[in-house]
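So the protein lines, in turn, are chains H and X.
Taking the UniProt record's numbering, the leading residue of the first sequence gets 1, the next gets one more, and so forth.
Taking the UniProt record's numbering, the leading residue of the second sequence gets 1, the next gets one more, and so forth.
Among the clues, some could well be false.
Claimed, not checked - Partner residues aside, some chain H positions facing chain X, computed with beta carbon under 8 angstroms:
| no. | residue |
| --- | --- |
| 1 | L93 |
| 2 | Y105 |
| 3 | Y164 |
| 4 | E182 |
| 5 | E200 |
| 6 | Y201 |
| 7 | G415 |
| 8 | S418 |
What the hints assert, rightly or not - Once the Cα atoms are required to be at most 16 angstroms apart in a straight line, the calculated EDC-like pairs of lysine to aspartate or glutamate come out as:
| no. | chain 1 | residue 1 | chain 2 | residue 2 |
| --- | --- | --- | --- | --- |
| 9 | X | K198 | H | D499 |
| 10 | H | K100 | X | E58 |
| 11 | X | K152 | X | D82 |
Keep in mind the hints are simulated off the structure, nothing from the lab.
All values reported here derive from a predicted model rather than from experimental measurement.
All residues carry an ideal CB built from backbone N, CA and C; glycine is no exception.
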Amino acid sequence: MVWRIGVDSGGTFTDVCLFNDETGRLDIWKVPSTPDDPSRGIADGVSEGLSTVGAQPAEVRFLGHGTTVATNALIELRGVKTGLVVTDGFRDLLEIGRQKRPSLYDMNAEKPETLVTRDLRFEVAERVRSDGSIELPLNEAEVRKAIRAMQRAEVKAIAICCLYGFMNTAHEKRILEIVREEALDLFVSASHEVAPEFREYERMSTTVVNAYLGPVMRRYIQRLKARLSDLGIAIPPQLTQSNGGVIGFDAAATLPVRTVLSGPSTGVVAAQAIGRMAEFDNVITFDVGGTSSDVALLRNGACGLTSEASVHGYPIKAPMLDIHTVGAGGGSIAFVDGGGLLKVGPRSAGADPGPVCYGRGNTEPTVTDANIVLQTLNPVEILGGRMKVRRDLAVEAVARLADRLGLSVMETAQGIISVVTANMAKAIRVISVQRGHDPRDYALMAFGGAGPLHAARLARELDMSHVIVPVTPGTLCALGLLLTDLRADFAASRLLPLDQAALPVLHEGFVELEKQAVIWFDSESLREDRRLIGRTVDMRYAGQNYELSVPVPAGPITAETLEALEAGFEEAHRQRFGFIAEGEIVQVVTLRVEATGIVAKAQFNSHPDAGPSAEGAIVARREVYMPEAGGMVECPVYARDRLRSGNRFAGPAIIEQMDATTVVLPGMDAVVDPYLNVILKV
Amino acid sequence: MSQVDPITVEVIGSALTSIVEEMGEALVRASYSTNIKERRDCSTALFDWRGNTLCQAEHIPMHLGSFIGIIPHIKKRFAEADIHPGDVFIGNDAYEGGATHLPDIVLAEPIFFEDRMVGWAINTAHHSDFADRGHAHIYQEGIRLPPVKLYKQGVLQKDLQDVFLLNCQVPHERLSDLRAQMSANRLGVERMQALCAKYGTARVLQAGDALQDYAERKMRAGIAAIPDGTYRFTDYFDDSQMPVEMKLSIAITVSGDEMHLDFDAPDQVAAGLNVIFTALLATCYYAVKSVVDPTILPNAGLSRPLTVTARHGSLLNCKHPGAVDGRIAACQRVADMVQGALAQALPDRVQAAGNGCCTGAIFTGERADGSLWVYLETIGGGGGARPKADGLSGIHVHMTNTSNLPVEALELEYPLTLLRYELVDGSAGAGTYRGGMGLRRVYRAEGPCKLSLHGSRLLSQPWGLSGGLPAAGSTADFGDERTSFVGSIPLMSGQVVEIVTPGGGGFGPPSGRSPEAVARDIAEGRISAEFAARTYGQAATSVAVAHPDLAPAS
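Excised from the complex, chain H in its bound form (with noise of 0.2 angstroms):
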């Protein structure tokens, strides 16, 4: 027996995900999260499956694992206490930024708080010149001085950003060389290494974040790999990065960074593969938690990836798969402000005391009250009957809110519906429209434990065709971790015009990468035939400050190679700006390879055609609201669980499982497919 299994560890639940290879058996269960220690929590649930599926912990081949102990580190500031060594004249510029105050018109808004003390900040005499050049050498005895000063301090880990340090890499690794010399045992993180690209101050925050994570991801990664071989384990695990890809224990440790995205990413992963099993190509995921819902476009069937992306305020310069968040979940709460108007979040009634019809003391109605009153959830119980809730608790809230609207307490509690749809149909459009992609081309897959229940008014208000609902929507992300190849990112910035003369850089730079890449890969001990090697360069026209990315065709680079990246980008700026500037000069600015390394994943089996009629999924019937249908209607209720392959019914209609519940509005036909999965067609 081959077993491979899927952990995702988030601040409520650790989802844990166990696939059987051979006989394609799938299980998934959640354990509660252990906040202090979560590699007790993940422990005890992995060793709690394993025996109840009846396996051996040899058998285990892979074991991949999300994490939210990163950003969970950054958001409550309980990283390290770092030093940093810059270029004389800029220690600040950690503090100053872009220069932005954080709120154009509240005067109490604050900016993050800087991550390194400005004590702690060091500037040593060096300076590199635009073109590579050195003006000023590196000052040894400067460094070495800061060095002793931030050991005096106990800092417990350097941070090293030069100006052009991802130009002429010469002063930053003497700087790390002398740390090594000095302070051996310090966590360091240098700008050349962790984030090679153009604009100092967003390199040098990232390699700040990355030192400020390394000990704390390091001390977690230590205690996990314990753990884990003490259960008998003996396979490495795996961790998700940002970027969608799974990486090896170790390289994780030394750039915490590109991981501090990991969790949802991996639902992005779970969702590419189910839009393939699915086919459908073009998916927008609509991923709905309690506080939050993510949102990505997968065009082709794959989510693109951004290189800069600001998490709580901390810009990050790694690759990271293009997931937008709207504060918009269950627990959002809904409110009417000053001006007579209906708001919902971004303020959240989170997992305790949590919405109203939990009875644990909130009075303010929720996302997840409205769905109560409107009796699209269960008004009795919930999580498959595990969590009885108050529907009178709820119907007072919204009452409340109704009255000073002037409207009925069914109207307001639709109301919390469209204005919260109306907030995930913006987060939608940023990804979509503003990016030049018509969401009428795409199908939505929702999950999350909201995602379902959301997903057809949502589909609704943006023309979409279908809504894709997986099996299992509550764990998807645990599922993603089954599904996912390995992967790691490099990256060079190189400017310099799109012209003959780029040729040999441009091929000089990627062989640069691609000799990384196999050192990765030779790490991580992959089979030649098994690594993948993407290339793209990042470009934009001359004077121009943002780039797109443009896929290098396979094969040596060549003046063909050349007029099909000026085509490429040409139509990507076509596509986002809807114009080209005929005869402006092309400029490349970072080469990007990416390097996957294909692993063996879960293969889901299809199922036979069971033939069209669900009768037999009934298992209740209720009234819910649908102003579609002109108020309270008789819904049939589907047990997910008991939908076959080939079955299809008309909405309205309700789907209840244990992790999530489905709207289906009148005027939908649901679809259940070979994988299980229910298609609306809206």
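Got chain H; can you put chain X on it based on the hints?
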């Protein structure tokens, strides 16, 4: 009262916000000049068909002045029957074109749907051009454009464009930036049409009206909570281009749910410092909103309970042909003065004076091929201390919020080297909560060029509130004996220029500051131990000494 329900209003309002944000992103990303692409000195908005602001993206508050000016000027020149789909109006003149200074080029495109005009897509971008000019009157400041059609029913009027570009120092950048502005408005037009198709034009227009009513209600509710009365404040304004102190006074009269702001200022001056009335309005709308309720939607409704007066022909309401290029400097002072006056009524809702400037450095030079280069940047400084928190350091305050340009981008594009960019020790005004720290930027010219410097608070200091102390003011050092910075100053190759911007004023008496905060400021080198002893007293110093591990490492 409108007929649309509050939920539809919120849903449509959310769509409008996403349209102006999308326009803004498109403008920044497709533009060429550093001032737009990196420093984001541009704004986007949708207007209703009557010419009222429907929604403005959160970029630069000053630009609202351009937006509220242009539609009335278009209407003055063009009959409704002469405005067609695909027309694009371009304008920049302060007196006839609706803008607040000539480099802010405004592009406005009417939005039609099903044969009726439903609104306007508008954006403005600060083109860094018209540099190294005189400022005795507006005719010296650049080409003046009243709103004229750059596109007629979708067709580019190349003659006009050629005339415009020939008057620009960096025509290539101007053309590329105009293209980016065009593409932003096209998006706005298409998205608004799609919104009308989805919800029906009538509902969209009604929702637009309702959103303005809503902003008005919130503004009135906020003003009603302020005790009735007249609140006065006086401050002094100076500029590197006009090194004398000019007295400015404000009287804010609150009566019920309405507010009147009256200004007293000296006669307009023969320097590019005069403020056109729409710029004064934009400043008052910004400043009142930020104190009364920062969450009020940025649309025309919020201005209904506000009236503003200033003598025509004075610095704050100039008349033709007054020069206006550096109008933002006085506007920054006005925004501070609104805080100062309202401090008497709302001591817990205002902040002390910020750096009070929009310190600007405009470099011009010639490239080897004979073409000109112009590089404009503005430098932030300290923010004023707040009633419960220190001021922010190294930020732009009030009417602007542009980014800095990365050193690595600056040195790549221009023959300049940046030697230092740092917070200025000791620059913050002391207080229970101290102000933010000012900035120091030190440049080296790599070839002969010229520098025109705009700075304020060279003669005065940003004030504190409720017992907080003033911050340090501006200084500039060109490496020679120079004390006057009027006009464009030639720099030699290798010459080093240092510009220091002011900090923010403190809030509350220094004696109220926590000893830990003082010790932290000493340890981080933000203030000296000697300054702490003198300003914050013995108690604080002893705590600092009791934490030797926090002492500066050097």
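- request: Hints the structure violates: just list their numbers, smallest first.
  value: 4 and 9
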